[in-house]
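Q: Sequence:
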Amino acid sequence: MATKIDKTYVIFGGGRRACPGRFYSVVFMKLFLHKIMLKYHVRTEGGVIAKKVIVGPFSMPPKVPLIFERRG
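Read in order, the letters of the sequence shown are residues 66 to 137 in my numbering.
No lab work stands behind these hints: they were computed from the structure. Bear in mind that the values here come from a model prediction, so they are computed numbers and not experimental data. It is possible that some hints are incorrect.
[What the hints assert, rightly or not] Cross-link-like lysine to any residue pairs, in silico, SDA-like; alpha carbons within 25 Å at most: (1) Lys116 to His106; (2) Lys100 to Pro130; (3) Lys104 to Pro122; (4) Lys116 to Glu134.
[Unchecked claim] Here are the in silico distance ranges between beta carbons for each label pair: (5) Gly137 to Cys84: 17 to 27 Å; (6) Glu110 to Gly86: 29 to 39 Å; (7) Pro130 to Leu103: 36 to 46 Å; (8) His106 to Pro127: 31 to 41 Å; (9) Val91 to Lys116: 25 to 35 Å; (10) Ser124 to Leu98: 28 to 38 Å.
Just so you know, even glycine gets a beta-carbon here, dropped at the ideal spot from N, CA and C.
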């Protein structure tokens with residue numbers, strides 16, 4: 066997680082002078098996802114959850130398009 070300082074997650078730096086903006090970015094992402102879940106019904110084209118694509122140690126998002134329907 067971005068809020069914890071760890072040597073394996075170097076995007077926000079580490080040590081005593083780690084980027085204080087990491088807390089802001091985590092809160093911003095949570096608020097953004099909350100707004101999306103409140104305002105839209107998100108589903109795939111076929112209505113079935115697609116399996117993620119695993120390439121070596123990495124998992125990639127599936128290539129299935131998402132449909133965002135505005136909630137009434």
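Q: If you check each hint against the structure, which ones fail?
A: 3, 5, 7, 8, 10
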